[in-house]
Amino acid sequence: MDRRRFLLGAAPVGLATLVTAGCARGPGVQGHSYAPSYFRPSEWEFVQAAVGRLIPGDGPGPGGIEAGVPEFIDRQMELPYGHGSYFYMKGPFHPDSPATLGYQLRFTPREIYRQGIEEANAAARASHGIDFARLEAARQDEFLESMEKGLLAFATVPAPALFDQLLENTREGYFCDPIHGGNRDMVAWRWIGFPGARADFTDWIDQAGVKYPYGPVSIGGAHT
Amino acid sequence: MTTPRKLKPVDAVIIGFGWTGAILAKTLTDAGLHVVALERGPARDTAPDFEYPRIADELRHGIRGELWQPLASETVTVRHAVNDTAVPYRKYGSFVLGNGVGGAGVHWNGMLWRASPEDLRFRSHIQERYGKHFIPPEMTIQDYPVSFEELEPHFDHFEKVCGTSGSAGNLRGTLRLGGNPFEGPRSDEFPTPPLPAIHAAQLFEKASAQLGYRAFPLPAANSSAAFTNPYGVRLGPCNLCGYCERFGCFLYSKASPQTTILPVLAARPNLEVRTGAYVTRILQDSSKKRATGVLYVDANGQELEQPADLVVLSAFQMHNVRLLLLSGIGTPYDPSTGTGVVGKNYAYQMCGITTAFFSEDTHINPFIGAGAAGLRAIDDFNSDHYDHSKVGFIGGATIYAGATGGRPIEQMLLPPTSPRWGAAWKAAIRRHYRHSAPVTLQGTVMSYRDRYLSLDPTYKDKYGIPLLRITFDWHDNEYRMAAYTASKMEEIVRHMKPQTQATLLLKPGNHYDTRIYQSTHTTGGAIMGSNPASSVINRYSQSWDLPNLFIYGASAFPQNIGYNPTGLLAGLAYFSADKLKSSYLKSPGPLVSA
Amino acid sequence: MKGKTILVLTGGAIAALAAAIAVSYVGDGAAGENVSPTPGRNAELIDRGAYLAKLGDCAACHSIPGRPAFSGGLKMGTPIGAIYSTNITPDPTNGIGRFTLADFDRALRYGVAEGHSLYPAMPFTSYYNTKPEDVRALYAYFRYAVAPAEIPNRASDIPFPLSMRWPLTYWRWLFASKPTSFTAPAGLDGLQAQGAYFVDGLGHCGECHTPRNLFMQLKAVGRADGSQYLRGAVIESYFAPSLRSSGVGSLRDWSEEELVEFLRTGANSRGITFGSMSDVIIHSTQYMTEDDARSTARYLKSLGSPEQVGQSFVYDATSHRALKTGDASAEGAMVYLDNCAACHRPDGRGYERVFPALAGNPVVEAGSPDSVISIILQGSTSPRTAAAPAQFTMPAFAWRLSDVEVLQVANFVRSSWGNRGTQVKLQDVGRLRPGFMPR
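Protein chains in written order, with this note's numbering: chain P, 1 to 224; chain S, 1 to 594; chain Y, 1 to 439.
Do not take every clue at face value.
Per the computed footprint, the stretches of chain P lying under chain S, defined by three or more beta-carbons under 8 Å from a beta-carbon of chain S, are [as the list claims (entries may be wrong)]:
1) 59-66
2) 207-214
In silico BS3-like links for lysine-lysine, alpha-carbon gap of 27 Å or less [what the hints assert, rightly or not]:
3) S/Lys91 - S/Lys507
4) P/Lys211 - S/Lys206
5) S/Lys507 - P/Lys90
6) Y/Lys324 - S/Lys206
7) P/Lys90 - S/Lys91
8) P/Lys149 - S/Lys507
9) S/Lys289 - S/Lys6
10) Y/Lys301 - Y/Lys131
11) Y/Lys301 - Y/Lys54
12) P/Lys211 - Y/Lys324
13) S/Lys462 - S/Lys6
14) S/Lys462 - P/Lys90
15) P/Lys211 - S/Lys497
16) S/Lys586 - S/Lys288
17) S/Lys91 - P/Lys149
Take a look, some chain P residues computed to stay more than 12 Å from chain S by CB distance [to be verified]:
18) Ser33
19) Tyr34
20) Pro36
21) Ser37
22) Phe39
23) Ser42
24) Arg110
25) Ser127
26) Arg134
27) Gly150
28) Ala153
29) Phe154
30) Ala155
31) Asp185
32) Arg198
Just so you know, these hints were derived from the structure itself, not from any lab. We treat Cβ as the ideally placed atom computed from N, Cα and C, and that holds for glycine.
Construct all of the structure, not just a fragment, from the sequences and the given hints.
What follows is the structure in structure tokens.
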């Protein structure tokens, strides 16, 4: 079994470093119009702003907005995943169990976003007087980091739970096949050099160590 | 639910249609029995379920896990210690359970190991080599009641069924360069040759040689060439597509029941496979000396009774144990007294990983990989392949190199100094994605008096039936084993000459963490042994309590090995199948006197 | 299915004939001849009949899944309406239980039953040469070993007046071969002659593999008829390849041994069956005795005049070399890499008996690109046989590839690795796309 997840899952604990924020790209700077189905306007603004900071568009490489991550997240909310159908959601719930025993909240992903965003905006208004999406990029980064580290206390959804949900879905939307609405034009795959759904390396079985020369292809058949 | 409808009796009923279910279905239908196989998941086959290109969808299969058991219907609960309250395993993390025809044999990696000869008589072996008192009292390890020599023909057969690629290290007692020098003597070479090493494995191979270790191709049930197995079933060749573990194979290469056994069963009139059939209990007669069939809920929610002369319990390890407990078969294990057998000796695996981060002119191409083909391993530090008298623990680990794919959501390797998000993360993924490689250790876990399986008192499945509860955490022996083998692993990685390297390892104080994928190699709970006081099944996988009940899978392992379990559990199943054919079916009854 | 295919053609023939010939009713009672006495329940004869029924592939049209064997009901579309195969079980009311041996013979070899002409979906045009002892064996099998099924025949959906059968009689008179007991063509040895009996008779190979004329009659029914015989023909959306051994796209490079293997398993190291031939393998040729398969192979290998044999396929590594070094600039190369190479390999050589080689494959090189295009669009599944239980499926790519991409990749596979296929036209792709209906 592959155990990379092992590293990924555990390494960041306590090791995350603060990211220096570049100039922010505000919400709505999408080149692609998409009307959200699940998210309400204020939530949509939040999701776009957060995604825009988790994977910023400035500097080299595609940002989360450019990759269509918010659209991906909205679409996921309408699928069984968003409704929590992939998870065991029966009570009783013991949210204070050791973290090592995994997710123990009563919230589905939809509920985490709905409830969590409202509470995050309330916290942003309390500390800064405006919603999260209206903050300057550097303030948004600070706010996200506080959520991540659990330095903010929301009324019902733990701030790290909202942060983890956002980060997990943002990475999924960045790297998934474009069939799911994210990774638009395979920008993230091209950025890292992943050939996507090619799934054939017959000619490289005897060329180990040689740089793989081809760009990605998607399930739908788009290639570069 | 109303009174269950009683169906027409059959000769044998099989619970769970994965690897061992398929093996037994073939054996029993070969013998002319009328067999019904009950599988709770859906029917699945290469076409259309694993077809290219739709299978190459990381989100759908690698992350959401469409081929896995839906936890919403049934999961397990977990606690670290006997007096804790267990909570449900609500989202996938630590292990992933199979579902549907083929079971976990669909989404596995195809690492097809045999056990080492000493693994099968581990308690005796350790006592003979290191003295009676070397094994700590809380460690409840046992011998298998069957030897390597007895299992060898069956290991060999299963390797051929799977078109396994590899290189013999010990052919009939003669050591051969290029293979595993620590393996027990094998009667035959692997059916297909190993694939060349992927780049990370090449670097590992070279570094290992510099340190005097003997790296070899990891035995892979990813056939390396078109191959026809002993049943006449043709397999395709592996092309290192990078979508192996967590996926079904679109190339007919990775061995699964679908690609190796089910094609010959497809047209058999004496086999009926019922999918969507959720078995809730194994029924016994009033004397509790005989299984009479099973109770199950069909896809429409109808409760049915399927009477049968022979019951084959071949679900996943955890489900086997849960069904025994739900059915009241055998005495449940009690950790306070150490008595009882059902649920006893639950074990897991201890894993660690060292990632090598290379410069940008080293092209690892992580997306080129397979579950097992193209990987290289060393077995120098596994099992009792080295002197344990001074190391302070029992057991060990295989160490292997190379990734099973470079799927970016799950398999992105970044140095621990990289942030989790932001512009620096974006820069790091580009810098490292194509230039980093993992080396992994997969280690033994011994069995202990306080680690076991039982029914949860609180949480229920979708039918209101109690979930299985896991009581598990690491013991010092395993932390020490991991530290020792990781130091060897790190040394090898240093010789691979990366720019930097980072190790992730569990240390004393780190509890069992269900959030992080480690291994689906859960074992024990219905263990095999030489007497009914300390085991659930005999050497032929036959229940001590109900002689017409046979139980297959890693639930039989008295403690866990440092190898993937499929080779061993398939060997045990074929060994039993042979005995069924030669003795039991002619004259049903206990095959070993208690 | 073959039957279905022929009917598509037959519908056209009926329409053409109805327009061309305007005469009054013609009776059919005269057709047929007396044969030997009605056989009894002779086990050996019945066994022989069962085997011959497989060779004749009767089940392909007369049996459908989920219904009693040989009870008919297979729907076969024609441009003028669907027809349904008939119940040939020994049920006296619905089947052929009241047929005498002579009646049976009339239906099998003359295409006449109960006083009217059969649609030539029934390949009496090939069965005409069946030997009397084999007709008896078949009769014995259907009379005594098949279970009677009380399933009524279904009338055709063809509206009046097109449902009138008299034009079929004219067609039969004009185009069907005169029934005769098989005699070996000149110049064949014993084994080849045995093969010819199967190929031209019960095997009815020509019904798909020999091209047809304006009135849908086969252009050739035997070896003596010249180079049109078994030279390949378009059948529905496929091209049934040439069974001759002359030139590009023929069986020139296939050995007798490889042909035997193909007939009995549906695959060999050079290719895997597709289209309606898969049904033929499943229902018929997998059951061939070694002897019958070998005689068939040997006979087929005798087809092809030395001057037409042409060059053997020679592998050319240029295309593969380019792909292996990162050059997919050739037209269609990238489409190939993204869709085909995982199984058929960048070198076009595939994997023996799993994924067929495209390099040097006569179906790929054939004059007609229809099979290549249709397989790309619709995919293909290999047959499951007793000798080869694994079944391999190529998925459909119609949803993933545009017409231009199909065109490019079809041209790429037809011209790479030494293949000598001609250029495909864009309209060929459009014509063959699933769901395509002619205006």
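Going down the list of hints, with the structure as the test:
no., hint, result
1, 59-66, "holds (count 4)"
2, 207-214, "holds (count 5)"
3, S/Lys91 - S/Lys507, "24 Å, holds"
4, P/Lys211 - S/Lys206, "20 Å, holds"
5, S/Lys507 - P/Lys90, "33 Å, violated"
6, Y/Lys324 - S/Lys206, "26 Å, holds"
7, P/Lys90 - S/Lys91, "12 Å, holds"
8, P/Lys149 - S/Lys507, "23 Å, holds"
9, S/Lys289 - S/Lys6, "21 Å, holds"
10, Y/Lys301 - Y/Lys131, "24 Å, holds"
11, Y/Lys301 - Y/Lys54, "23 Å, holds"
12, P/Lys211 - Y/Lys324, "12 Å, holds"
13, S/Lys462 - S/Lys6, "23 Å, holds"
14, S/Lys462 - P/Lys90, "9 Å, holds"
15, P/Lys211 - S/Lys497, "19 Å, holds"
16, S/Lys586 - S/Lys288, "23 Å, holds"
17, S/Lys91 - P/Lys149, "22 Å, holds"
18, Ser33, "23 Å, holds"
19, Tyr34, "18 Å, holds"
20, Pro36, "19 Å, holds"
21, Ser37, "18 Å, holds"
22, Phe39, "19 Å, holds"
23, Ser42, "22 Å, holds"
24, Arg110, "15 Å, holds"
25, Ser127, "21 Å, holds"
26, Arg134, "20 Å, holds"
27, Gly150, "14 Å, holds"
28, Ala153, "21 Å, holds"
29, Phe154, "19 Å, holds"
30, Ala155, "22 Å, holds"
31, Asp185, "16 Å, holds"
32, Arg198, "8 Å, violated"
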